[in-house]
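Asks: Single-letter residue listing:
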Amino acid sequence: MQKNALHILLADDDEDDRLFFKDAFEEIKIQTNVNFVHDGMQLMDHLMNTDNKLPDILFLDLNMPKKTGKECLIEIKKTEHLKDIIIAIYSTSSSEEDIEDTFIQGANIYIKKPSDFNTLKKIINEVVTVNWHYHTSGLNRDNFLLRLK
Amino acid sequence: MKWIPNFNSSNSLRVIFVIAVFILLFLSSIAYKHNQDLNESSKVVMHTYEINIQLERLMSAIKDAETGQRGYIITRNARFLTPYIYSRDKVNTSFITLKKLTADNPQQQENLQKLFKLITQRFVSFENCLKYSDPKTYDKRKLDNHMFGGRILMENIRFKVDEMNDIEKTFLKTRLKIYDSEISLSPLFSISLFLVALCFILLAYRQISRDFERLKVFNKRLLISSGLIAESESIGNFSTWQWDLDADKIDYSDNQYRLLGHEPNSFVPNKATLLKFVHPDDKETFASYMDGIVERKQLPFVYYKIVRPNYEVRYFKTTAKIVTDQQGSKILLGINFDITDEHLLNIELQERNKELEKSNKELASFNHVASHDLQEPLRKIQTFISRVSDADKAVMSDSAKNYISKIESSAKRMRVLIDDLLLFSRTNTTKKEFIKINLNELLDNAESELAEIIEEKKAVIKTNKLPKLSVIPYQIEQLFINLIGNSLKYSRPEIEPEISIISEKVNSSDYPEILEQSIKKFHKITFTDNGMGFDPQFKETIFILFQRLHSKTDYPGTGIGLAICKKIVENHKGHIIADSTLGKGSQFTVFLPD
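So the sequence lines, in the order shown, correspond to chains A and B. The first sequence lines up with residues 9 to 157 when you count with this note's numbering. The second sequence lines up with residues 10 to 603 when you count with this note's numbering.
Note that these hints are calculated values from the structure, not bench results. Accuracy of the hints is not assured; some may be wrong.
[As the list claims (entries may be wrong)] List time: in silico EDC-like cross-link candidates among lysine to aspartate or glutamate, alpha-carbon distance up to 20 Å:
1. B:Lys410 to A:Asp124
2. A:Lys120 to B:Asp428
3. B:Lys389 to A:Asp124
4. B:Lys421 to A:Asp124
5. B:Lys441 to A:Glu104
6. B:Lys389 to A:Asp24
7. B:Lys402 to A:Asp21
8. A:Lys129 to B:Glu385
9. B:Lys389 to A:Asp53
10. A:Lys30 to B:Glu385
11. B:Lys314 to B:Glu304
12. B:Lys441 to A:Glu108
13. A:Lys75 to B:Asp382
14. A:Lys129 to B:Asp401
15. A:Lys120 to B:Asp382
16. A:Lys120 to A:Glu104
Predicted, not measured: the structure shown is a model, and the values here were computed from it.
Using the sequences provided together with the hints, build the complete structure.
Replies: Written out as structure tokens, the structure is:
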């Protein structure tokens, strides 16, 4: 583990998606530290446990067993020491309702799971390298959903 | 409320009658008085006449005595003395009568007294004449004196009698004059009064006959309207009832009996009658409603069920209102509606609505399934294929490589299909929030969405100023994307696509067959392209879901795009039509309400 490495946490119940995610991070050659949780309960336990370092970016799937992504999002934003974590929604759904809801609840970006590995790599690269301070200050309903240029 | 015609004339009629009766009473009292006066005056005439006769008799008796005395003095025959002897009695009789007759007149009494004195003197003079003419006591000088004195006395008597007669005559004259003056004025007066009374009576008669005519007309109208009401009650399934609160009398209209399942007038309704028909479930509510009826002037509708004698349950709706009639008695007017048919229809509609809601929910959950669960495995297939790197492909057989590429294109097609289907169902199920927005803004968004293909095809899009409308923004944007995308997709090879978008305001009355007439103004937005066009016979079917005019291999598509357009326009209460000339271009016209 490298000291300056970016801490990434992915909460997703799908084993294949976790695999794609892991592979993609390995290929983009940025110093990162990627951890995985399998459901919402596990995610909240992980975050509440003070032994664990808080992630710099949390990739959050919406459709998860035990506790859904939206529930986790609301809880995180309510918790004082967690509310500043950058949250990227990472979901298959691209429904207006989901995008609207998570935007209102304070997520930083919405990523629709791509159906192409190379696109996934591009997306991850984009998200990891973005200047979050700048992005968050100019965040609005239109640039919330990530579109690759 | 003026529900009884006002016959004002009845009051004036009364006045006219009272006046006429008074005039007649007055006239008859005048006539009575005249009669009395006439009677009185004839009595006065008779009175004067009698006095006159008696005086004349008195006079003639004295004259008889004088004549008899003269005859006796000349002849000395005692037979001549007979009238003289009787004359005394006659004079006395007349005197008594005269005294009675003039009892009411002191002046005449006085005259009578004087006359009596004169007559007595005259008789003394007679005696003296007889005395001095007797040969035994004959004295010529004294006889002459007495004869002469008798003569003077006689004249005095005549004078007195005349005076008395004159007094009576003057009295008569003045009485007659008074009477005449009274009677001379009255005939004209009473005739005119009589005429006035007659006029009044005629006037009253005319008013009465006029009122009769009006009554007849009103009666006829009443008859017609009551017939009409009865007819409309039975057609409209409602009935009326009146409850005279003061007399506590309830009247049902014929249809009220029928609605309750009885023949008209088959029973006498009272306060408790209606409650007997009310369904046990609603008895309590209805009873409290009826109790509250009198305190409140106007009542809201009450809904309840009734049970007919044949156990049929009907649904009723009732309202009532208190009115006060011209006599000041309070009447409660009520209307009952039999709303069974509407009620049952309503229940059916509600059930259907529930079913619809249910199927809508199912559709929404299908939406979710499609968006998530169907896409999940597809996305994985695609991602796994993308993981097959070029290095892997190099060691594959040609057929394997071919299969991989087939899997890839099929998966891609499936993705488009799912996305389009989702889009289509979402245009129906997601929230429809109308926002007033400039359509040019939405068109700009659509163009930037299509920027890649516009650039690739070197397409030119010309547009005039689009209106600002209240729309569901993302749907209209989708509409623009689909229509422009369609034109770009079916452009003619070698020819750079040109799309013109023109908006104008039109009246719905100009398009009676396709536009909602309750909305007056529409915006007609026409999309014209120079593409390959289509056979105009398909201009209707082109909007049907999954209808495709081209083979999949020539033009990839799902046959959903235009169906989405139609749905979006319908969501906005608008209309979309298509027209085309094959090989020259197509025209899509969208009508959106102002």
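Asks: Is the Cα-Cα distance between Lys120 (chain A) and Glu104 (chain A) 20 Å or less?
Replies: Within the cut-off at roughly 12 Å; holds.
Asks: So if I understand the rule, the pair passes when the alpha-carbon distance is 20 Å or less; does Lys441 (chain B) with Glu108 (chain A) pass?
Replies: holds, 15 Å
Asks: Can the restraint linking Lys75 (chain A) and Asp382 (chain B) be considered satisfied, given a maximum Cα separation of 20 Å?
Replies: holds, 18 Å
Asks: Sort out whether Asp124 (chain A) lies within 20 Å of Lys410 (chain B), counting only the CA atoms.
Replies: This hinted pair holds, its Cα atoms lying about 18 Å apart.
Asks: Given the hinted pair Lys129 (chain A) and Glu385 (chain B), is their alpha-carbon gap at most 20 Å?
Replies: Holds: Lys129 (chain A) and Glu385 (chain B) sit about 18 Å apart, inside 20 Å.
Asks: Do the alpha carbons of Lys389 (chain B) and Asp24 (chain A) lie within 20 Å of each other, as the hint requires?
Replies: holds, 8 Å
Asks: Compare the distance between the alpha carbons of Lys389 (chain B) and Asp53 (chain A) with 20 Å, and conclude whether the hinted pair is satisfied.
Replies: violated, 29 Å
Asks: Measure nothing beyond the straight line between the CA atoms of Lys421 (chain B) and Asp124 (chain A); if it is 20 Å or shorter, mark the hint as holding.
Replies: holds, 11 Å
Asks: Holds or violated: Lys120 (chain A) with Asp382 (chain B), Cα cutoff 20 Å?
Replies: With a Cα-Cα distance of about 14 Å, the restraint between Lys120 (chain A) and Asp382 (chain B) holds, given a limit of 20 Å.
Asks: When you check the alpha-carbon spacing of Lys389 (chain B) and Asp124 (chain A), does it fall within 20 Å?
Replies: holds, 9 Å
Asks: Would the hint linking Lys402 (chain B) and Asp21 (chain A) be met if the CA-CA limit is 20 Å?
Replies: Violated, because 31 Å separates the two Cα atoms, which is more than 20 Å.
Asks: Need the status of pair Lys129 (chain A), Asp401 (chain B): alpha-carbon distance at most 20 Å?
Replies: holds, 19 Å
Of the numbered hints given earlier, the model fails hints 7, 9 and 11; all others are met.
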